[in-house]
Amino acid sequence: MDWLDSIIKTFFDFDAMWQVFPQLLGVGLVNTLVISFAATVIGVVLGMIIAIMGISPSRWLRIPARIYTDIFRGLPAILTILLIGQGFARLSQQIFGPSPYPLGILALSLIASAYIGEIFRAGIQSVDRGQLEACRALGMSYGKAMRLVVVPQGIRRVLPALVNQFIAIVKDSSLVYFLGLLVSERELFRVGQDAAVLTGNLSPLVMAGLFYLVITVPLTHLVNYFDNRFRLGRRKPTPPKSGLDELDDVQPPMPITTGSNT
Amino acid sequence: MTYTSPLPVTDGQFYRGASLELRDVTMAYGDIDVIRGVSLTVEPGTTTCIIGPSGSGKSTLLRGVNRLHDPKGGDVLLAGESALRMKPERLRTRVGLVFQHFNLFPDHTALENVALALRNVKGMSKRESLSVAADRLADVGLAERSDHRPRDLSGGQQQRVAIARALAMEPEVMLFDEATSALDPELVKGVLNLMAGLAQRGMTMLVVTHEMGFARKVADQVVFMDEGLVVEAGTPEQLFDHPASPRLQRFLSEVL
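Which chain is which? The protein sequence lines are A and B, in order. Quick note on numbering that gives the first Met the number 0: the first sequence kicks off at 0 and runs consecutively. Quick note on numbering that gives the first Met the number 0: the second sequence kicks off at 0 and runs consecutively.
Hints were generated in silico from the structure; no laboratory data involved. Treat the numbers as computed from the prediction; the structure is a model and nothing was measured. Think of the CB as a built atom: it goes at the ideal place given N, C-alpha and C, for glycine as much as any other residue. Warning: the hint list may mix true and false statements.
Facing chain B, according to a computed beta carbon distance under 10 Å, are these residues of chain A, among others [to be verified]: (1) R89; (2) M139; (3) P151; (4) A160.
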């Protein structure tokens, strides 16, 4: 069983895994989560702006939003990250110092905002047109109607899709390593990769992979749970009620006749 | 069918409906003309019912009155003032619209549905808006259901909330766009009674309806539209008992 032995040694060398564990937990996981959360928060804000522009009646807002979305959704993430990370390195140095960390977050945010913008746009556009009309008919401006009624309904519908997007960001955050991070800034993949190179064994990378799964798998199931709940509603079943009962709402009934003289 | 008012008229509650006049109104969807020169006058405090086959432009015409869809030509006069020269938001606080599918806000309670625009359009305080909203819900017989969400209300109740929501803005004219077409048959009467009550209390109403009984009993004027034109207009007796045009005769023979 030589081959089995070698597989176990290559991928599941517990000593190597255990050795890298503290670093993965203390450095890698923290940085992966920091990068992912920051990119998600910025991505949600930018995405909402892109979505609102994208459904605007004005083409001068719609067209730029469309171009922005097409570019950042159409490019490979690694290309965007390298272009932003290296292209703005000098500018970033003046603001943030030598670390490429903020630029990595920015690049991920831009990519995420293109996807999140589409998610929001789809959600907002799926809200029945009658909602906007009802607001307008009550004298609300377009902006008020969107802010108070339409957008909140749209957001609620796409919460599951947003969690999916967060999962995608967590995975994409590994690409930031291309920018060359300081030792203390390494995220899960880089920590695992460094240890793998050092030991000549892939087990640390497998361990890093397990960390990713610990984040992403529960979230996937949370999404499914929420998806069901949102779709089916959390309605308490109520006993059936006769439609005839509500005729008594209209009280007190006082017969009148109008129009004809009877 | 006799229409009963939800409230005794002796309660002293009256509306001061304004006059509404349409002058040669034309409307289009893109290049297609759907309203081709409609003129009609609704006297203050009276009810005009618009009847006609589907696709005749009835609903479009209502949307032209409150400018959810801007007319292409002609004019709409609200209490003598040109509605087309008013700010649309201002116009719409003076003209209430009730939709076929209610269009209540699903994530708000009945009370909040009525109060929302009071706060955000009329600038009322939270407390004031809730108190007015509660009064309007009581007017339509739904005081006890003010904390229900729309999905926990029947279609008839939802439509009554929608009417309360429109009335809360204190409109001078109410527009009804097939307000009972989406309701189960046993719930239609409750809504029609409510509308008859408004008519009786002096509201000016322009009502697109397929309820011929309501048009006959409650309307002061009935307008028959087809293909974007007013084919015939007059009292309910004239239109229902002595229809002049072959089109209206044909229409009535199909629906009555």
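Hints and how they fare:
1. The interface hint given for R89 (chain A) is broken, as the beta carbon of that residue sits about 48 Å from the closest beta carbon of chain B, more than 10 Å.
2. Interface restraint check: M139 (chain A) against chain B, minimum CB-CB distance 6 Å, threshold 10 Å, status holds.
3. Evaluation of the P151 (chain A) hint against chain B yields a held restraint, the C-beta minimum of about 7 Å falling below 10 Å.
4. Nearest Cβ of chain B to the Cβ of A160 (chain A): about 18 Å, over the 10 Å cut. The hint is violated.
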